[in-house]
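J.: In the order they appear, the protein sequences are chains R and E.
If you're matching positions, the first sequence starts at 0 in numbering that gives the first Met the number 0 and goes up one per residue.
If you're matching positions, the second sequence starts at 0 in numbering that gives the first Met the number 0 and goes up one per residue.
Hints in this document: simulated from the structure, not taken from any laboratory.
Since the list gives no way to pick out one identical chain from another, each pair is judged satisfied if it fits inside one copy or across any two copies.
DSS-like mimics (lysine-lysine), calculated; alpha carbons at most 27 Å apart, straight line:
| id | residue 1 | residue 2 |
| --- | --- | --- |
| 1 | Lys155 | Lys309 |
| 2 | Lys309 | Lys335 |
| 3 | Lys155 | Lys166 |
| 4 | Lys309 | Lys201 |
A quick note: this is a predicted structure, and the numbers were derived from the prediction, not measured.
Number of protein chains: 2
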Amino acid sequence: MERLFQQIEEHASLYKHWLLNMCNQPSISAKNIGMLEMKELVMQLLEDLGAEVEEVLTTGYPIIYAHIDNGKKRTLTFYNHYDVQPPDPLTEWVSDPFEAKIEDGQIFARGVADNKGNIAARIAAVHAYQKVHGELPVNVKFIIEGEEEVGSPNLKSFASENPEKLKTDAMIWEGGMRNVHDKRPHISFGVKGICFVEMQVKGAAFDLHSSEAAVVENPAWRLVWALSTLKNSEEMVQIEGFYDDVIALTEKEKAFFETMDYDEEHTKGHYQIDNFLTNVTGIELKERLTAAPTCTICGLEAGHTGEGAKTVLPSSAKVKLDFRLVPGQTPKKVMKLLRNHLDLHGFQDIEIEQLAGLLPFNSDANHPFVDTVIKSMKEVYEEPPIIMRNLAGSSPMEKLLADTRIPAAQIGVANTESNFHGPNENIYIEDFMKGIKATANVIRHFGVV
Amino acid sequence: MERLFQQIEEHASLYKHWLLNMCNQPSISAKNIGMLEMKELVMQLLEDLGAEVEEVLTTGYPIIYAHIDNGKKRTLTFYNHYDVQPPDPLTEWVSDPFEAKIEDGQIFARGVADNKGNIAARIAAVHAYQKVHGELPVNVKFIIEGEEEVGSPNLKSFASENPEKLKTDAMIWEGGMRNVHDKRPHISFGVKGICFVEMQVKGAAFDLHSSEAAVVENPAWRLVWALSTLKNSEEMVQIEGFYDDVIALTEKEKAFFETMDYDEEHTKGHYQIDNFLTNVTGIELKERLTAAPTCTICGLEAGHTGEGAKTVLPSSAKVKLDFRLVPGQTPKKVMKLLRNHLDLHGFQDIEIEQLAGLLPFNSDANHPFVDTVIKSMKEVYEEPPIIMRNLAGSSPMEKLLADTRIPAAQIGVANTESNFHGPNENIYIEDFMKGIKATANVIRHFGVV
Numbered sequence: 000m001e002r003l004f005q006q007i008e009e010h011a012s013l014y015k016h017w018l019l020n021m022c023n024q025p026s027i028s029a030k031n032i033g034m035l036e037m038k039e040l041v042m043q044l045l046e047d048l049g050a051e052v053e054e055v056l057t058t059g060y061p062i063i064y065a066h067i068d069n070g071k072k073r074t075l076t077f078y079n080h081y082d083v084q085p086p087d088p089l090t091e092w093v094s095d096p097f098e099a100k101i102e103d104g105q106i107f108a109r110g111v112a113d114n115k116g117n118i119a120a121r122i123a124a125v126h127a128y129q130k131v132h133g134e135l136p137v138n139v140k141f142i143i144e145g146e147e148e149v150g151s152p153n154l155k156s157f158a159s160e161n162p163e164k165l166k167t168d169a170m171i172w173e174g175g176m177r178n179v180h181d182k183r184p185h186i187s188f189g190v191k192g193i194c195f196v197e198m199q200v201k202g203a204a205f206d207l208h209s210s211e212a213a214v215v216e217n218p219a220w221r222l223v224w225a226l227s228t229l230k231n232s233e234e235m236v237q238i239e240g241f242y243d244d245v246i247a248l249t250e251k252e253k254a255f256f257e258t259m260d261y262d263e264e265h266t267k268g269h270y271q272i273d274n275f276l277t278n279v280t281g282i283e284l285k286e287r288l289t290a291a292p293t294c295t296i297c298g299l300e301a302g303h304t305g306e307g308a309k310t311v312l313p314s315s316a317k318v319k320l321d322f323r324l325v326p327g328q329t330p331k332k333v334m335k336l337l338r339n340h341l342d343l344h345g346f347q348d349i350e351i352e353q354l355a356g357l358l359p360f361n362s363d364a365n366h367p368f369v370d371t372v373i374k375s376m377k378e379v380y381e382e383p384p385i386i387m388r389n390l391a392g393s394s395p396m397e398k399l400l401a402d403t404r405i406p407a408a409q410i411g412v413a414n415t416e417s418n419f420h421g422p423n424e425n426i427y428i429e430d431f432m433k434g435i436k437a438t439a440n441v442i443r444h445f446g447v448v
Numbered sequence: 000m001e002r003l004f005q006q007i008e009e010h011a012s013l014y015k016h017w018l019l020n021m022c023n024q025p026s027i028s029a030k031n032i033g034m035l036e037m038k039e040l041v042m043q044l045l046e047d048l049g050a051e052v053e054e055v056l057t058t059g060y061p062i063i064y065a066h067i068d069n070g071k072k073r074t075l076t077f078y079n080h081y082d083v084q085p086p087d088p089l090t091e092w093v094s095d096p097f098e099a100k101i102e103d104g105q106i107f108a109r110g111v112a113d114n115k116g117n118i119a120a121r122i123a124a125v126h127a128y129q130k131v132h133g134e135l136p137v138n139v140k141f142i143i144e145g146e147e148e149v150g151s152p153n154l155k156s157f158a159s160e161n162p163e164k165l166k167t168d169a170m171i172w173e174g175g176m177r178n179v180h181d182k183r184p185h186i187s188f189g190v191k192g193i194c195f196v197e198m199q200v201k202g203a204a205f206d207l208h209s210s211e212a213a214v215v216e217n218p219a220w221r222l223v224w225a226l227s228t229l230k231n232s233e234e235m236v237q238i239e240g241f242y243d244d245v246i247a248l249t250e251k252e253k254a255f256f257e258t259m260d261y262d263e264e265h266t267k268g269h270y271q272i273d274n275f276l277t278n279v280t281g282i283e284l285k286e287r288l289t290a291a292p293t294c295t296i297c298g299l300e301a302g303h304t305g306e307g308a309k310t311v312l313p314s315s316a317k318v319k320l321d322f323r324l325v326p327g328q329t330p331k332k333v334m335k336l337l338r339n340h341l342d343l344h345g346f347q348d349i350e351i352e353q354l355a356g357l358l359p360f361n362s363d364a365n366h367p368f369v370d371t372v373i374k375s376m377k378e379v380y381e382e383p384p385i386i387m388r389n390l391a392g393s394s395p396m397e398k399l400l401a402d403t404r405i406p407a408a409q410i411g412v413a414n415t416e417s418n419f420h421g422p423n424e425n426i427y428i429e430d431f432m433k434g435i436k437a438t439a440n441v442i443r444h445f446g447v448v
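Pulled out of the complex, with its shape left as it was, chain R reads as follows:
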């Protein structure tokens, strides 16, 4: 381990050089800027590792696929993406987003946290291991797409059309970060799913004068009444069967909550709220955040929403609802249960359209890879890791991993103030170096069977 980490330290400027090179190459998928150049830059780095590299064409940007096959027992795959978010608002950047700036041990550049820092760290980890040991203890694969920032529209078909490329024993996903305040690193082993729907109620063919509301149905009232049946004020979703498929937490998963930190006082001050929902606190709050499904009104719209009074009887009313799903639940089932619930409660007329859907994804906490990652992180970071069964948010993880038993861990080089997608995106060089070591350490431990 010492030799490996020493090797990484000695090559620090090379690895930083790789990273800065990537940062200085714009690769904005949403605007088709620099995508080809970035793809070639990444492919070149992978080829220099001795990997077999190919690009898998899609209807969008190609997916880079690379593998180093040593005939080892286990295969470890790295998922990353070579595209970044647009740098807007440009005026809020203190330096050029595509000219990486180093200041006081921090690198500022669009994409340095999300996720070029991780691409560089994975490649550097493989490089360092090879330098020290000649050969990797595991087979390694890279799947690096160019469309993560635009919703990974081609990832699912890549997975279904290339089952052999997805053969792996475990996966290191992008993401992961380190607390700025106490330097504890985050590890998460999954994400919640999501089912995002729009529901619409229609009334008369056009808006009427509100005096007619005495005799003409108001879709806004119907929407309110329908919504009020979906969740009660104790935050329990009232859709029949909603919780039936939720897979109970194991004792090991519950123990993960103990590692989580959540600064309740700071958050309450920042959000300017007096209490958390239903006065939840402590372990229960952490459990709710990561293990409870949700039903959230993200948008409500009917009639006159401008300034002042307008006496209108709206002709339609809409809601956008976001269900965050936990293991066992699926968007498809939620759509079915929601339709059934509305029908059951007399709201057959309410139309439901699904706007987005992602399955939850969780690694089996008993898979040896989970302990391997935790151990690898503990050896690199002095501070105890924060371990999450899954993040509170959702991600395209499921597009590669749904219906597989492949465990995946999100670890990475960012920090809690990295400003993902915002101006002055940044990482600490120290976190970059630790990220390389952590990745190399996972390779090392996972190779010991």
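With chain R fixed as given, assemble chain E onto it according to the hints.
T.: What follows is chain E alone, placed relative to chain R:
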């Protein structure tokens, strides 16, 4: 009666000339176009009648006040307004809105229905009566404001500052119209009141990512839950005490419902609805429309209301609510009851702001003026009048009449397809002539004590 009506027929072109002159003079209060010229035109016509005319200054446009005092026992007052709505959208007019066009017995011009046709009809009626009888059988007053189309902001202070100008036994209000399909004229003796409020619920200081909804309160849910306690699906308002002050209908008022027509099939077809609210129909529908208070969501807004999915936890949620009030209810009391209801149900945090308030106004159906108007109308129109205790809508009537016992009737020269406030506003010349006769007939009958 025959001589009076004959006189009106003989002066048809003079009276039409007055009307067209007024129509050709723009008087858009919202844009301060032509207001001075219009005011002078109306004052000149009143002076020509022999009335004492003065203008009462306000912080906005002056109110024209005129009276012809013959020392008679009764006084009859005409309320009208000399301002009109802007003519937008201009492109939908088939002729110049301020160059009256006559075609197939119809006059097209902005303001011809609302309400220059009625100003001309009132003045013509007085003129004709004077021509035939020399002296009017009643004292007559005119109150003609210039701000009705911008909400009559100065009418209430006019009433309180000029109690002697408001001394009258009865009032003829603007409004009133005739069915296009069966030619029955409408008479109404009042209006509903209104209490228009905006309620707001606040959550975190800014919008959050919707994954945080697992632990941070969502103001949109609180708004939905609060609203769902306000009214049940049988359309009964659940605010404690809401119906307590409602004055029961008298038998005579109930009988008015029998005169109302409401083409349910046509309306359903036009609005593209299958049924009326709670399947109401017939007399009950008419009663609901004119005699039931309402609670209507006019606007709902929270979070993301644009296209597509946006995973946001809104920081605030708003509703605009319109209560239509019936005799006995007041906006002030409704505000108090609503606050009390929200507090009672755990929604102390919901802010309520009143955006508009008008008292209901109803004439006492037993006042002799009510029968005088009905009789006068029956003698002029072959078709039986539609009599309404009050309209389903609201109007500034209460600003002059609240807390008085003065009865008021809305009768007029418009028709159900007059396109008030819209393009190609129009009246029929026949309805204009009948409107003059009906007004003259009210003067005649009301003078017989």
